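Number of protein chains: 2
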Amino acid sequence: MTEPSYREMWENLNLDIEAHDGLLEVLGKFYGDIYMSQQGRLQGMEYLDFVLSEVHGLRVKELIDAKNAGRKIIGSFCVFVPEEITLALDAIQVGLCAGADAGTEAAETVVPRNTCALIKSFIGFKMARICPYTESCDLIIGETTCDGKKKAYEAFGEMAPMHVMEVPQRKEADDRVLWKAEVLRFKDKLEKLTGKKVSAAALKKGIKTVNDKRRALQRLNVLRAADPTPISGRDVLLINQISFYDDPVRFTQSINTLCDQIEERIDRNEGIAPAKTPRLMLAGCPMAVPNWKLPYIIESSGAVVVSEESCIGTRNTRDLVDESGETVDEMIDAICDRYMKIDCACFTPNNERMENIKKLAEETKVDGVIHYSLMFCQPYTHEAFKVEKTLTQAQVPMLSIETDYSMEDVEQLKTRVEAFVEMIS
Amino acid sequence: MTEPSYREMWENLNLDIEAHDGLLEVLGKFYGDIYMSQQGRLQGMEYLDFVLSEVHGLRVKELIDAKNAGRKIIGSFCVFVPEEITLALDAIQVGLCAGADAGTEAAETVVPRNTCALIKSFIGFKMARICPYTESCDLIIGETTCDGKKKAYEAFGEMAPMHVMEVPQRKEADDRVLWKAEVLRFKDKLEKLTGKKVSAAALKKGIKTVNDKRRALQRLNVLRAADPTPISGRDVLLINQISFYDDPVRFTQSINTLCDQIEERIDRNEGIAPAKTPRLMLAGCPMAVPNWKLPYIIESSGAVVVSEESCIGTRNTRDLVDESGETVDEMIDAICDRYMKIDCACFTPNNERMENIKKLAEETKVDGVIHYSLMFCQPYTHEAFKVEKTLTQAQVPMLSIETDYSMEDVEQLKTRVEAFVEMIS
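The listed protein sequences derive, respectively, from chains A and B. Basically our numbering = 1-based index in the first sequence + 438. Basically our numbering = 1-based index in the second sequence + 438.
No lab work stands behind these hints, which were simulated from the structure alone. All figures in this text were calculated on a predicted structure; none of them were measured in a lab. Worth double-checking, as some hints may not be accurate.
Since copy identity is lost for identical chains, a pair holds within one copy or between any two.
Computed list of lysine-lysine pairs in DSBU-like fashion (alpha-carbon distance at most 35 Å, straight line) [to be verified]:
#1 Lys-714 / Lys-467
#2 Lys-627 / Lys-505
#3 Lys-827 / Lys-630
#4 Lys-634 / Lys-467
#5 Lys-467 / Lys-803
#6 Lys-779 / Lys-618
#7 Lys-618 / Lys-630
My request is simple: use the sequences and hints to build the entire structure.
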């Protein structure tokens, strides 16, 4: 019965109410089909179901309440934006809508048609006025991780308050210098915005909070890979997706509670799928809410996803910030070091990613890998070739998928995935 | 009658002789149709015709002779590679084949299908073994100007000796620091390769030589824009293309001789096209030999190209290196400053390019601009939107073309160009 108050909130955010209603309807139906239809889900998932059902409601209300209390909302589309610093300034960092076809026609008036679905999506959501997160932001942080985003932020910057961080393209000493300068520029920008200064105590706490979130997700990543696998790949994807929206402390707590339940299930040797179900790893581009297409196809094709190598997966949680720093500068250095470990395809070379994929495939005992690239995403479509080479050497079969957010290729994808699953069974 | 000796040379370079013969045949026919068919060409173009006809013959022989004399050959695909330093080490810098569909099928086994034609071309030429320049190189210099090239160089680096320079993505103080480090790294690499050290005298001479080449092309760019225009856009494009292959001193001399002839023609008020022929600027992606498709279509549609804003155009010649430096470090700084002025779409923001285009449109009194992007080239397809906005404000009509190296869309392009020319006439 909270609906009416949300409506007023959405109106105050200047959302296109009718279009937004339509979006929520589709999202709800999609979620019902893909998530609620699952058998044997863990009780702890109820919390995630609740969060997702309130993703445009309660969580947005929290943000608005925080704004009214003087806190700032920082939006981002990328794991390179250091949440530790945002939290140290008592601001809130949220991921913005980028996972559905919305406003595509409008988006194509400002960026090329041959742009990946994720980029067209965040521009489309903005132009169609249907993302309450984007509309709540005091500042949106872009980054130069790919040509598509780098140039799209120029157009986006004409519609929303933006700050762009330069992510270097190599990982040498001079790149580390550039990256530190960019992290400090980000800190300065947020300090100006919030009217606060980053203190050592607050930054230490920020680092701890984000590390705790990563530790909970690391724990989940180990548990999910048990054999038989105790939780569906879809559910873990959802958890990773929600990690970008939810309050970090509350989220960490919930995930640890869920992990306790998973451990009990593992102790009982219970799985979410029958024994001998082929185990797959998903690798590649991030999947933003509600981009659940491929995991759903995979898990409806007789396989289960037991590990996910993407920004909305292990890439964002694998490395922690060293917690031993005491001064702000020491902690900033620790943050820089940690973020420069990210094995994004924007780096050249990016051999760490090959090593990390091989390692994750071994650790999670997968029967095969599905490499997922968004169409027109140059960094990941290029690296798909290298990943395949690496996995072939490790004798792990790989299927390379290139797709977008449309539903037109679902049948075709299903055929390819089924054939792959059959091959590795 | 030099043919047999070339054949031996090509065999020694391990070219696929049959495929290479086929390429030369197509190139010759194409050149005949597009260039030799022109009326009223300047006598000085004979030199260019000769150079082009010997592009895989005499010039390659010169390179091989230079190699045998102990000089090194440095290949590149980009105007960010500082030829001044190459020359200072008595090495030779050449542009590599990237302008024709060749070996595309092979290329698509190592880079995605949705890669621009230029990138697929340089990989295809390598895999098909038909570029004598690529095969002559002691070292090939890549750069991180776009995702496509950045990632393709990883694959290319497995086939040829490569060194990749990181081009920063912004133009702030920290980026200048990174770029200087990269220029010094390039210098170190070439010093190791050549076994020489860059001396102040040699670098001063290198700077002078490259500046003289730029000055000759600047002179040409002013003269070509006379009304009536004294030289076809195709011929000027060819000159710019050859500037990447030919010996710089000889080339500069020839272009200055040609400019003397153009001045005489201008004095006689003679043009290459009838008075009132619509004057166009080409802006956007570079056109490598033999990518003459669009200029030919334009100049067969009743218009003439009087200015070209691209890397194989004004972008490479607009700015000179300051010649006042006396020490190596002063000159390296001057080189860094000059290269950081390049208004490549890889930068964000890249507002200089908008200003430069507006200025060039005014200076060369164009009736319209054709913006040319290679399909899947994200930086330039994105900037096409900004260029159009800029030109609309300046009341200059613009047509945006996105194409590749195939001939399949020639009729369609012709229809669009003709309609545009008619509109602005």
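Comparing the hints with the structure gives:
For a Cα distance limit of 35 Å, the shortest separation of Lys-714 from Lys-467 inside one copy, 31 Å, qualifies, whereas the shortest one across copies, 62 Å, does not. In this assembly of identical chains, Lys-627 and Lys-505 lie within 35 Å of each other by CA distance solely inside one copy; the values are 18 Å within and 53 Å between copies. Within a single copy, Lys-827 and Lys-630 get their C-alpha atoms only as close as 47 Å, which misses the 35 Å cut-off; across copies the closest is 32 Å, which meets it. Proximity of Lys-634 and Lys-467 under a CA criterion of 35 Å is satisfied in neither setting, with 43 Å inside one chain copy and 69 Å between copies.
Taking CA atoms no more than 35 Å apart as the test, Lys-467 paired with Lys-803 passes inside one copy only; the shortest distance there is 34 Å, against 58 Å between copies. Taking identical chains as interchangeable, the C-alpha atoms of Lys-779 and Lys-618 lie at most 35 Å apart whether they share a chain (13 Å) or sit on different chains (24 Å). In this assembly of identical chains, the alpha carbons of Lys-618 and Lys-630 lie at most 35 Å apart whether taken from the same copy (18 Å) or from different copies (31 Å).
Comparing the model with each numbered hint stated earlier shows that hint 4 is the single one that does not hold.
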